[in-house]
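Residue numbers (my numbering), protein chains in the order written: chain V, 1 to 98; chain G, 99 to 196.
Treat each hint with caution, since some may be false.
[Claimed, not checked] The calculated label-pair distances, taken between Cβ atoms and stated as ranges, are:
{"no.": "1", "chain 1": "V", "residue 1": "ALA3", "chain 2": "G", "residue 2": "VAL100", "range": "47 to 53 Å"}
{"no.": "2", "chain 1": "G", "residue 1": "TYR120", "chain 2": "V", "residue 2": "GLY25", "range": "28 to 34 Å"}
{"no.": "3", "chain 1": "G", "residue 1": "ARG124", "chain 2": "V", "residue 2": "ASP76", "range": "31 to 37 Å"}
{"no.": "4", "chain 1": "V", "residue 1": "VAL2", "chain 2": "G", "residue 2": "ASN104", "range": "50 to 56 Å"}
{"no.": "5", "chain 1": "V", "residue 1": "GLY25", "chain 2": "G", "residue 2": "GLN183", "range": "36 to 42 Å"}
{"no.": "6", "chain 1": "G", "residue 1": "GLU105", "chain 2": "V", "residue 2": "LYS67", "range": "26 to 32 Å"}
What the hints contain is simulated information worked out from the structure, not anything from laboratory work.
Each residue gets a CB set at the ideal place from its N, CA and C atoms; glycine is no exception.
2 protein chains.
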Amino acid sequence: MVAQLNETERDAALKELSDWKYDPGRDAISRKFKFGDFAQAFAFMTRVAIHAEKADHHPEWFNVYNKVDVALTTHDAGDNGGLSQRDIDLAKKIDSFV
Amino acid sequence: MVAQLNETERDAALKELSDWKYDPGRDAISRKFKFGDFAQAFAFMTRVAIHAEKADHHPEWFNVYNKVDVALTTHDAGDNGGLSQRDIDLAKKIDSFV
Numbered sequence: 001m002v003a004q005l006n007e008t009e010r011d012a013a014l015k016e017l018s019d020w021k022y023d024p025g026r027d028a029i030s031r032k033f034k035f036g037d038f039a040q041a042f043a044f045m046t047r048v049a050i051h052a053e054k055a056d057h058h059p060e061w062f063n064v065y066n067k068v069d070v071a072l073t074t075h076d077a078g079d080n081g082g083l084s085q086r087d088i089d090l091a092k093k094i095d096s097f098v
Numbered sequence: 099m100v101a102q103l104n105e106t107e108r109d110a111a112l113k114e115l116s117d118w119k120y121d122p123g124r125d126a127i128s129r130k131f132k133f134g135d136f137a138q139a140f141a142f143m144t145r146v147a148i149h150a151e152k153a154d155h156h157p158e159w160f161n162v163y164n165k166v167d168v169a170l171t172t173h174d175a176g177d178n179g180g181l182s183q184r185d186i187d188l189a190k191k192i193d194s195f196v
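Next comes chain V alone, as it looks inside the complex:
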């Protein structure tokens, strides 16, 4: 079980993630990325994948050609899953790749 962020913790964390959108329905954050082409988009995904596997925390993501939509939430946080520090850390790492 991972600790779900409370409102105060979440608000503080989201201030540092201005490109991410908070979804209160899912208690998740998401960001849409657009690259020059598919090869660039998939290169980005590969960097994220390798980091995610090392951190044992994985994104939900959709890709079509040069677009990558990423959503982050922690499935074993709280009773029904929700945002945890692991999502914040992963979001910051992902931001560092673009």
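Based on the hints, put chain G in the right spot on chain V.
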């Protein structure tokens, strides 16, 4: 402009793709894959990505942990996009990777 498959061509092609589901609304085909873990799922995606880039025809796909949902359609087939021989070829190639 890529030729969109007509109904006869499509039915014949789909007979060889029994694991794929046809979506008449989008004139697209889709298949859901499940692997042992994220590393296996992403290894599969990487094989598909390299082939897709070579063939210059790319999937729409969603991944979360060990699951990969793939949808194939050709954006420049017909007036609004639709199924073409390129999707059939890519689906067969993808099937050969699992």
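C-beta pair GLY25 of chain V, GLN183 of chain G: status relative to the range 36 to 42 Å that was hinted = holds (41 Å)
request  = Determine whether the Cβ-Cβ distance between VAL2 of chain V and ASN104 of chain G falls within the hinted range of 50 to 56 Å.
outcome  = holds (52 Å)
request  = Go ahead and decide if the range 28 to 34 Å is satisfied by the Cβ distance of TYR120 of chain G to GLY25 of chain V.
outcome  = At roughly 31 Å between Cβ atoms, GLY25 of chain V and TYR120 of chain G fall inside 28 to 34 Å, so the hint holds.
task = Using the beta carbons of ARG124 of chain G and ASP76 of chain V, state whether their distance is inside 31 to 37 Å or not.
result = holds (34 Å)
request  = For the range 47 to 53 Å, tell me whether the beta carbons of ALA3 of chain V and VAL100 of chain G fit it or not.
outcome  = 51 Å Cβ-Cβ, so the 47 to 53 Å window holds.
ask   = Is it true that the C-beta distance of GLU105 of chain G to LYS67 of chain V lies inside 26 to 32 Å, as the hint says?
value = holds (31 Å)
Figure legend: structure checked against the earlier numbered hints; every hint is met.
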